[in-house]
Structure formats: structure tokens, C-alpha cells
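S.K.: Protein chains in written order, with our numbering: chain A, 1 to 522; chain B, 1001 to 1182.
Some clues are possibly wrong.
Stated by the list, open to error - Below, computed lysine-lysine pairings styled on DSS-like, alpha-carbon distance capped at 25 Å:
| hint | chain 1 | residue 1 | chain 2 | residue 2 |
| --- | --- | --- | --- | --- |
| 1 | B | 1091 | A | 169 |
| 2 | A | 173 | B | 1181 |
| 3 | B | 1086 | A | 314 |
| 4 | B | 1057 | A | 168 |
| 5 | B | 1078 | A | 314 |
| 6 | A | 520 | A | 109 |
| 7 | A | 243 | A | 430 |
| 8 | A | 3 | A | 235 |
| 9 | A | 314 | B | 1150 |
| 10 | A | 243 | A | 34 |
| 11 | A | 31 | A | 169 |
| 12 | B | 1150 | B | 1057 |
| 13 | B | 1181 | A | 430 |
| 14 | A | 34 | A | 405 |
| 15 | B | 1170 | B | 1086 |
| 16 | A | 260 | A | 109 |
| 17 | A | 260 | A | 243 |
| 18 | A | 31 | A | 168 |
| 19 | B | 1078 | B | 1150 |
| 20 | A | 520 | A | 142 |
| 21 | A | 173 | A | 34 |
Quick caveat, the hints were computed from the structure, so don't treat them as lab data. Computed from a predicted structure; not experimentally measured.
Take a look at the letters that make up each chain.
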Amino acid sequence: MAKFDLNDSGVVVIVGSGAGGGTLGNELAQKGVKVVILEAGPRIENQDFINDEWDSFTQLAWSDARSTSGSWRVHQDFPGLPAWIVKAVGGSTTHWAGASLRFDEHEFKIKSAYGGISGANLLDWPITLAEMEPWYAKAEDKMGVTRTNGIPGLPGNNNFKVMEAGAKKLGYKEVHTGRMAINSEPRDGRGSCQQIGFCFQGCKSGAKWSTLYTEIPKGEATGNLEVRPGSMVIKIEHDPSGKVTGVVYADPTGAMQRQKARVVAVAGNSIESPRLLLNSASSMFPDGLANSSGQVGRNYMRHMTGSVYASFEKSVHMYRGTTMAGIIRDEAKNNPSRGFVGGYEMETLSLGLPFMAAFLNPGAWGRSFTSAIEGYPRMAGMWLVGEDMPQETNRITLDPKIKDKFGMPVASVHFDDHPNDVAMRDHAYKQGSAVYEAVGATVTYPTPPYPSTHNMGTNRMSEKPRDGVVNKFGQTHDIKNLFVSDGSQFTSGAACNPTLTIVSLAIRQADHIAGAMQRKEI
Amino acid sequence: MREIDRRSKYDRRVFLKGAAVTAPAVAIATSTGLGITDAWADDASTLTPATMKTLLKVARDIYPHDFLGDSYYITAVKPWDDKAAKDPAVKSLINDGVARLDAAANDRHKMPYAQLAWENDRVALLQQIETSVFFQKIRGDLIVSLYNNKEVWPRFGYEGSSAEHGGYLKRGFADIDWLPKA
């Protein structure tokens, strides 16, 4: 396995090892580029994952201090936990459910498609679906996405069967067990899904794609990739010409190290990535790196989310098997006659009893709450995930008071729902309930959003430097050897889950970085 | 469909052992149907037995599940005694909170909280202190200490960890049999 010197100024340093960073690292290593991935969290192999919600949360979740503000309910319910994401090698690809959907064509050009929406900061991506299609195809093959490349769909579990039966009664047409990066048959050295049911707690069997046991070991096997766990990057440094020269990070002992670099790629997710750019402010870049537009940290998106759980007369046991076991796509289209622009997906979801108690209606107590919880084995559930409006005021800033253990200001997350988000959520609650009522639900529970799992948009792509932070390759407009490689590049969020697009962009970015290095442009 | 055995493994083990000499007093009381003795509350070192018993009542009133014996709620609230022993701020938070609750109960009903016979009367008093730090701490702790107790899970029809059993591939992940034909 490779081991690079701190003074090796020829390496590409990637901050983060999740869907963006882990993929980029492997892709570059395969092309012969020397890469150091600095990962803030520990390396926990999949056999050590825990089938227990709270214990697993302690093992994997990013629980370092963050603050929140705004009218979103997460601020009220979980003021110190704006996002449910992972601090470990593999990042949130350990925790994700596996849904791997492509954006629709219009979702790359929402300003053109939706027109002017008051209070929203809409912008078209500088890339189109047609440009992305070959990269999507590579990502689907890499991740082994079901219903692509001749890979069969997963079998539906009880939770899916309830949703499917209700959907068909309502007349929904596009209902199936999803396009999932979970093996339905052995592939790429990994076995098929055992229907364990703890997808969010890390897949112990390895059937679900995660960079932890795919991209990262493959990259390491080339001899070109070194992953350093427990390494929290606190600052990116630059020279007087404005080119970045490396990063300062706290190693596992807490000692500060300086890793030199030819290129730096930031992939710490949409909360930590802008935080790092802002915390790297200097006399030359007083507002933070790559922030001449003032857009670093802005346009934070977290998807319109919510859930509907429903109780039936008889048992469902929704927790058995794949957490996200199927999807209804009929509402994902842009159909403004519903009273909002954009669309949403309905995807099965289940929580174990401990998290159901914590998330069904946070803060609630008394008999209406306990009666709901007592229906647990008779419950089915779905997650509602749709496009939310980018807003300049929804943003990541540096908390003026709270600092981490290295003395760096923590991220503060401000979010207000846009009226379009609220209208979409109301519609989704109504349709989700109708699905279950169609097959005999006795009660339905419109469940508020959980801490954000889809974090997007805070270093967005733009054609013009004044509108965003990075160009169509994730390269910052201001600094040519500084890149952003995670979901914070998203110009808009689309209705679907973001991971496939993050991976596709990372594969494409690797091609661009390797080419530019070869041509000595960076 | 494969249904879950809702009997608590804990109670069953006690039953099988008969005399259950090694089981805690709480479990014996539950399995013999004699109701909970007060011994558990007398074990408290920092908080008074009366305070512990009021906490138990408060816990039952916040998350009432009539099929759960007191033992589960006792397991959930007992750690407050340890926390109070370690932190004087916690000790006064609990003592002051319980004292205020009793004062409100005495004002309205001429008896302390734990002696009020009807849940509705007690819940009305809790609603008045819903936004207090005392109530929020007790409730917030309970959502984990009650529902994250593995002994409780089968009572709610939840099976817990599954990987060591090979997942649900051959254990009923798709065994639903009552849905209308699509």
C-alpha cells in the first residue's frame, strides 16, 4: 500500500472518502495519479458494523458540534444535529440506502424549466443530461445498479408489497423495487442481499455499494492511493500567486500536519466542504477560498422530505429486508398544476423501534403517541423525497461562538422551507396517505423531516463565475488547482437521491483532473 | 406470516428458573404477579424513594403502554439516581421538578402527584410543565431509555439485530399474505 511523504508536492489531496472523494480517489489512482485521501473519521470494516440503531449511530454518525437556525423543524427537534451523515472511511456511502436514480433532463436546467420563482435562486447547470449520460452509465456499472446493465431488480419485501398494492389501486404506473446499488445477484466480488434490514447502519454483508469496500481497496491495490483515517483537515493553504499548495490537518493523535499537494479536492459533504473553504480565509482571500462570488455556503438544499407511516389491522413487519425496498415514480415529474414546481419520489422506508420512537413525531408524548408506537409491527412506511428550491439565505456559515477541539469555528446551518417546498410536502403527505388507505390503513402518520441525509448545493456549479463556486468539472472558478467533488457542487437538487449523480460527477472529474495534470495545466 | 412471540424473554427465563434466585427483585415481582415491591426505590442513594416512585409514575404517564409492567419503566428511570449522585445540578433539577409537580397536585387535588388515581388528572399537570427543563430532560431521556431496551423490543413486535441470523431472506421478509391481489 502506498505511503506518501508530507512534503510530496506531486500528490492530489482529497478531503473525504465518501461517494465523491472515495470514487475520485480510486479513479485517479487507476490512471496512475498519486492520491492521498484524508478522512476525518476512523476506518471501520463492514463486518464490524452494528445491527442496532443507537449503537450504530454512535459508531458511524458525524456528531461533532454544529449549530442550526431557521424555521425548519429539524432546528426545533434536533438543534445540534442538522444532518444524519457519517464520519468514517466510506463517508455516507456506509449509511445510504442505495437508491441510484438519474436526474431528468429538466432537472439540469430548472431556471429555464420553472421560470422565475420568488425567493428562489434558480440557475441552470452548466452541463446537460446528454453530457452526463455516459458518466451515469459508468457509475451504474461501477455500482452494480439494479435494472441497469441487465441486473435484475431486488425482490420486494413486505413493506414494498403494501406500498405497491396501494399504488396500483390509486392508478400509479411506475412502481417497482427501484434502481438500487445493492447486489440482487453476486457481482464484483460481493455477494447478494440477505435482506438483513439495517441498510442505514452499514451493510454487514457488503451487498450494498460503499466506497469503503469497493473504490478504496481497489484504489489502494494500485499502489497510488493512500487513505489516512482520523485526519481532520482544518485549513487549505495557498501561495502568493493564489494557487493552493496543500492542507493542514489534525492527525489521529491531534498533532497538526501539513500535507503538500499539487491539487486539492474537497469532498467533505455540503456542510463541511463550505466550512473548510470559509475557515481557509487568508489576507488574499478574506471571505474564504473560492468565494469571489459570495456563493460559498449558500443555496443549501436538503430535499423536501417527510415520511408517511400507516398502521393496518394485520402485521407488516416493515423492518424485515431492504430499508428502501421500492419506489413510486409517478409524482417525480414536473407538473405545476399540482400547485408547485418540481416533483418527488415515494420510496419505502422503515425504522427500527428505537428510531421510530425518536423520529415519528419528535417531542410528542402521551397516549396518541404510544398508541401509534404500539402499532409498530402493523406499520408500513415510505419516505417522501423531492426537489427543494435553492435559496441564497439557506446557507452554511461559521458559527460566531462555537469552536471545535482544534479551535476552528463549527458550521452553522440555516434553513427555511420555501413555499414551494411546503406545497410539495403537503401534496406528498396526502398522496402517501392515500396509497396506504387504498389497502386498508386504519391510521396514517405524516412524519416530519429527519435530520438531513441529502445535503447539496453549498458550492454550486455555474457557467459564470459570479453565479457560483465551481465550473462544469467541479473546478473552482477562482483557483484552478482547487476542486469540489461532492454534492455541494449541485446547482439544483432534483427529485431523486443524489449519490448516483455525485459518483458520476466524480468519475467525470477524475478524467478532467488527470488530463489537465498531463497537459501541465494544473 | 411469521409472527413475533411477544412474551418477554426476560419473564420467560424467570418463569423457567422457578425460584429465580439470581433474578432481580423487580423481575420476581413481575413474574409472580405480585406487583412491584418498593425495594427498587429504597435502593436509591441520592434521590428519595418517594422521588423515585414519582419518577416512575411520570414515566408511565409520558409513555403509557399498558402491556408493559413497571419493571421496564424502572429500568428506564433508575439511572437518574446515579446521575444525581454524580452531578448536584441534576439532583436539584429532579428534586425541584418533582417538588413543583407535587405542589401543583396538592393545590388542585389535595394529594401528591403519584397518588392521583386518574391518568388524565396527572397528564393535565404534566401539560402545565411541558416546556420546563425538568420535563424535557425526563422525556428526552425516556425516549431512549425506554424504547432502546432490548427486553422491550419483542413486546412491540420488533426483532432487533438480524445479520447473525442470516437476515430475513429465509425468515419472512416477503411473507405478507393478506394484501388484495394487485
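S.K.: All the hints need checking, so say for each whether the structure fits it.
M.R.: Each hint tested on the structure:
| no. | hint | result |
| --- | --- | --- |
| 1 | 1091(B) - 169(A) | violated, 57 Å |
| 2 | 173(A) - 1181(B) | holds, 16 Å |
| 3 | 1086(B) - 314(A) | violated, 47 Å |
| 4 | 1057(B) - 168(A) | violated, 47 Å |
| 5 | 1078(B) - 314(A) | violated, 35 Å |
| 6 | 520(A) - 109(A) | violated, 33 Å |
| 7 | 243(A) - 430(A) | violated, 52 Å |
| 8 | 3(A) - 235(A) | holds, 22 Å |
| 9 | 314(A) - 1150(B) | holds, 24 Å |
| 10 | 243(A) - 34(A) | holds, 19 Å |
| 11 | 31(A) - 169(A) | violated, 51 Å |
| 12 | 1150(B) - 1057(B) | holds, 22 Å |
| 13 | 1181(B) - 430(A) | holds, 24 Å |
| 14 | 34(A) - 405(A) | violated, 31 Å |
| 15 | 1170(B) - 1086(B) | violated, 48 Å |
| 16 | 260(A) - 109(A) | violated, 38 Å |
| 17 | 260(A) - 243(A) | holds, 12 Å |
| 18 | 31(A) - 168(A) | violated, 48 Å |
| 19 | 1078(B) - 1150(B) | holds, 16 Å |
| 20 | 520(A) - 142(A) | violated, 29 Å |
| 21 | 173(A) - 34(A) | violated, 48 Å |
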